[in-house]
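S.K.: Throw the hints in and build the complete structure from the sequences for me.
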Amino acid sequence: MTEQGSIGQAEWLDRYDAAYMQNFGSPKRVLVRGEGCRVWDVEGREYLDLLAGIAVNSLGHAHPDIVAAISDQIATVAHISNLFTSPWQVELSERLDALATANAPGIPARVFLCNSGSEANDTGFKLTRRTGRTRIVAMEGSFHGRTLGAVSLTSKAAYREPFEPLPGGVVFVPYGDEAALAEAVDDETAAVVLETIQGESGIIVAPDDFLRAARRITDEHGALLWIDEVQTGIARTGQWLSYLPSGVTPDVVTLAKGLGAGIPIGACIAVGPAADLLGPGSHGSTFGGNPLASRAGLTVLDVIERDGLLEHVRAVGEHLAAAVLALGHPDIVEVTGAGLLRGIVLARDIAPAVADRALEAGFLINAPRPNRLRIAPPLIITAAEVDSFVAALPTLLEG
1171 MTEQGSIGQA EWLDRYDAAY MQNFGSPKRV LVRGEGCRVW DVEGREYLDL LAGIAVNSLG
1231 HAHPDIVAAI SDQIATVAHI SNLFTSPWQV ELSERLDALA TANAPGIPAR VFLCNSGSEA
1291 NDTGFKLTRR TGRTRIVAME GSFHGRTLGA VSLTSKAAYR EPFEPLPGGV VFVPYGDEAA
1351 LAEAVDDETA AVVLETIQGE SGIIVAPDDF LRAARRITDE HGALLWIDEV QTGIARTGQW
1411 LSYLPSGVTP DVVTLAKGLG AGIPIGACIA VGPAADLLGP GSHGSTFGGN PLASRAGLTV
1471 LDVIERDGLL EHVRAVGEHL AAAVLALGHP DIVEVTGAGL LRGIVLARDI APAVADRALE
1531 AGFLINAPRP NRLRIAPPLI ITAAEVDSFV AALPTLLEG
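Numbering of the sequence shown is given in the working numbering, commencing with residue 1171 and proceeding in unit increments.
Do not rely on the hints blindly, as some may be mistaken.
To be verified - Restraint-style ranges between C-beta atoms, simulated for each label pair:
no. : residue 1 : residue 2 : range
1   : D1211     : P1234     : 43 to 51 Å
2   : G1498     : E1261     : 17 to 25 Å
3   : P1234     : A1485     : 17 to 25 Å
4   : F1194     : L1318     : 29 to 37 Å
5   : E1568     : L1336     : 40 to 48 Å
Rather than coming from a laboratory, the hints here were simulated on the basis of the structure. In this text, all values refer to a predicted model and were calculated from it rather than measured experimentally. Ideal Cβ placement from N, Cα and C applies to all residues, glycine included.
M.R.: This is how it looks when you write it as structure tokens:
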């Protein structure tokens, strides 16, 4: 293996371009180390991580509890196959089931553990087919993943059309439009799938009553309500699950990203009668729920609870939004989102250029849309670290 610091960034990027499939394009930097909310590239430059691997590194980089848990687990047993279980898999499953049913304690729930958000959503897709119905209503602006099943639920034509024909029966309605949803759902609908906040569309938040309306409409037609919490779940919005304040209980919940703090993990939780739709032999995963990933998930839940991160995320998220708006900059229209999943809406289509300038200035952010910046830092970020970015933002906007 090549010594990481023995060659420069440009050579690593040339080697990447020659060896790796070009589906991501050429990366901006070669990162080699992280600690807390900061990362360093191969040439020693430091950056404040305000993206957390796109809402994945929930506890930042090299968190001591994660390091200790993973080090202990890898030295104990990392993988055992799904022919067996482990205490860590059982405990994580129990805790996720309890989180998913927090609005309706006592309702039975079961979880399937996998390796990513796309896989969790593929599991949810297969589960809906077991209802005997094949029609799914999804949202315009949605993003549910890139595997064939998950991308068929994703509205962006550029993601779907090159791979058609995709699994059929999916129709799209305007996000947040209760009347359109009511018109689209009928007695042949298997499920309605939605995100409480559309992350890849630029942090678009559903209207306050939309989740309750979706629950009512699906109940009226015997359809499943499926909420994708891949980006919003596990304290990202300052709630364990972002739908909890609405009071609803979905039939299906999908998770990934922040649950593993960087260790690949996904989860599909089925609630009530839906918990029995997938039986023996109907689905599987070689690596899903192995001891290593399960231990990581348990540690994340423990640290969030122990360190009061739900309250911290709400407080720092509100601080960030208020500080950005207080700049009074003409290019800043509004700040959307909740907790530490925030979108900065701009008056001009300059977001990609702003993200590039931020990188040069030592901040990792991204631009999911031409006029929107996404901020999704580690949940442990401090108000002082946030303020360093806010202070730099006017210069980044002006170029």
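S.K.: The structure should be examined with respect to each hint, and the outcome stated for every one.
M.R.: Comparing the hints with the structure gives:
1. A hinted range of 43 to 51 Å is violated for the C-beta pair D1211 and P1234, which are about 23 Å apart.
2. At about 49 Å, the beta-carbon gap between G1498 and E1261 misses the expected band of 17 to 25 Å.
3. Between P1234 and A1485 the CB atoms are about 23 Å apart, so this pair conforms to the stated range of 17 to 25 Å.
4. In this structure the supplied range 29 to 37 Å is violated for F1194 paired with L1318, their Cβ-Cβ distance being about 19 Å.
5. Against the hinted window of 40 to 48 Å, the Cβ-Cβ separation of E1568 and L1336 comes to about 43 Å, which satisfies the hint.
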